[in-house]
Amino acid sequence: MPGLSFDLIAMQLFTGLALGAIYVLFAIGLSLIFGMLTVVNFAHGAFYMVGAYVGLFLISLGGNFWLCLVAVPLIVGISGMIVERFLIRPLYGRGIDYPLLLTFGLSYIMVELIRIGFGTSGYPFDTPDLLQGAVNIGIGYFPLYRLFVIGAAAVVLLGLWLFLERTSFGLIIRAGARDPQIVRVLGVDVARVWLYVFGIGTAIAGLAGLLAAPLQGVIPEMGANILAEAFVVTVVGGMGSIGGAVIAGLLVGVVISMTSLFAPEMAKVSIFALMAIVLLIRPQGFFGRAGLMS
Amino acid sequence: MLQVARLNAWYGASHVLQDIGLDVKQGEIVCLIGRNGAGKTTTLKSIMGLVKTGGSTIFKGKEILSEPAHTRFALGLAYVPEERRIVQGLSVRENLRLGLVASPAKKNEAALIDEIADIFPRLAERLDQEAVTMSGGEQQMLAIARAMIAKPDLIMLDEPSEGIMPVLVDEMFELFRKMKTQGTTILLVEQNVELALAIADRAYVLDQGSVVHHATAAALLADDEIKERYCSV
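As they're listed, the protein sequences go chains W and E. For the first sequence, the positions run 1 to 294 when my numbering is used. For the second sequence, the positions run 1 to 233 when my numbering is used.
Just chain W, with the same shape it has in the complex (with noise of 0.2 angstroms):
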């Protein structure tokens, strides 16, 4: 194929990677909320795009792009906690199919709110001043912000990971994730850490709509487009596993993007085919424990 350079190629990698990173931060709160609390929460893209329309509110009020990277996560996690804790709460215990509905239908209404609330068409989201413009990475000018991008994911990745390992709370939710029973029994209060973990998951998939705004726009309907993304990651990766997330949200990212410089129409349909590929060979994708939803 002619003009289809090295560079180009190489460009378009990284690319990728911007769009995987942003997968990555939606599918590892998806993973640690299903890990931990078995609730599967389909308002998590809900959450991604309050996260943008709140950054877009602060900003409509006077408030920089970081500023909104603090707050974002505030008030969406907290807002994840007080779901966690009126409306998934009281159906523990009922199977899994419960908290799957009603995240499901608590979406359509937080989507609709802000349908009410911002209009049905979308907004521009301007990339902060400080990130525009582009910078020679070596094979050619990659723009400033989808750095950032990857970047930002990194250092929430890293926070997570030395959360997760080296604190109490890290050990309490890995252990937790395994047997709940275990470690009620050695005294912790596992309603109070579901509470917490909900609202990290939360934060975290509020931050990845914020960071996704000022590359693709802010629409009520981004939420419900990435979760099927999301999905995707979740299965390929594992079910409840971080690491796979990491390692499926990267690829499916590469992959939308390298087939969308090859055969544009077919970059939806591609992770698709990815991910049927991999359940053909690894049923419980790269990371998960087969059986786990049985």
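Read the hints as simulated data drawn from the structure, not as lab findings. It is possible that part of the hints are untrue.
Unchecked claim - Away from chain W, derived, C-beta distances all over 10 angstroms, residues of chain E:
1) Arg6
2) Pro68
3) Gly183
Stated by the list, open to error - Chain E side only, calculated, beta carbon under 10 angstroms to chain W, not exhaustive:
4) Ala78
5) Tyr79
6) Arg85
7) Gln88
8) Leu90
9) Asn95
10) Gly99
11) Glu109
12) Ala111
13) Arg146
None of these values were measured; they are calculated from a predicted model. Cβ coordinates follow ideal geometry from the N, Cα and C atoms, glycine included.
With chain W held as given, fit chain E onto it using these hints.
Frame of chain W, contents of chain E only:
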């Protein structure tokens, strides 16, 4: 230390515990014996708050029947379940730390892990090994160590000798004797009746969800008829 009265529990429609009454005094080793399905495990789970029950459970003078399991732990009650429940993916050290995460003793974590490593030399050698790769006996030691590390007042052990090689069983029962001399109270469920009665002060015999006999360990050890009727498998 622990007084249980009129304890009743149901699994669905089946009435698995019927008016269980027992008491455990400070510093005692009390043993629950009986056939499989007699209700021994359910009794321990009920005392820990893992099974919904009716009746009364008084621990250190406080009614705990409506308290959740994690509050009962905070009051000084520890439980080592039959399946040991060593957490996969965690090292031996992390499993021990898990025994302290909810305890005020957490700030002395390093010292307490050293202390427990002295008591369990087998674990001391394997602190950074993934815990589930150890033998069944070592995992049982870890489960006991994890329950002991926060220094509970009463520790309940469910079938600690099950599936463990005899040399380790002797080591473990020697440890129970030592724990007793250091003031820990033990409520023990054990299939190996002779072994359990040898270290226990008293024993309750359970059958079909009720206490059918209660005696000192020495008296029961000599009573072949009771042992034959309720404990032979």
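Going down the list of hints, with the structure as the test:
1. Distance check for E/Arg6 against chain W: the nearest CB is about 24 angstroms away, which clears 10 angstroms, and the non-interface claim stands.
2. Listed as outside the interface, E/Pro68 is inconsistent with that label: its C-beta sits roughly 8 angstroms from the nearest C-beta of chain W, within the 10 angstroms cut-off.
3. The beta carbon of E/Gly183 is kept farther than 10 angstroms from every beta carbon of chain W, the shortest such distance being approximately 20 angstroms.
4. The criterion of a C-beta within 10 angstroms of any C-beta in chain W is met by E/Ala78, whose closest approach is roughly 8 angstroms, and the hint holds.
5. Annotation: E/Tyr79 was flagged as interfacial toward chain W, and the flag holds, the nearest CB pair being 5 angstroms apart, inside 10 angstroms.
6. The beta carbon of E/Arg85 comes within 4 angstroms of a beta carbon in chain W, closer than 10 angstroms, and the hint placing it at the interface holds.
7. The beta carbon of E/Gln88 is positioned within 10 angstroms of a beta carbon in chain W (closest approach about 5 angstroms), and the interface hint is therefore held.
8. At about 6 angstroms, the closest approach between the beta carbon of E/Leu90 and any beta carbon in chain W falls short of 10 angstroms, and the interface hint on this residue holds.
9. Below 10 angstroms, beta-carbon pairs count as interface contacts, and E/Asn95 has one with chain W at about 8 angstroms; its hint therefore holds.
10. Interface restraint check: E/Gly99 against chain W, minimum CB-CB distance 6 angstroms, threshold 10 angstroms, status holds.
11. Because the beta carbon of E/Glu109 sits about 9 angstroms from the nearest beta carbon in chain W, less than 10 angstroms, this interface hint is met.
12. Hint on E/Ala111 is violated. Least Cβ distance to chain W is approximately 16 angstroms, over the 10 angstroms limit.
13. For E/Arg146, the suggested interface contact is upheld, since its CB lies about 7 angstroms from the closest CB of chain W, less than 10 angstroms.
Violated hints, in rising order: 2 and 12; the structure is consistent with all others.
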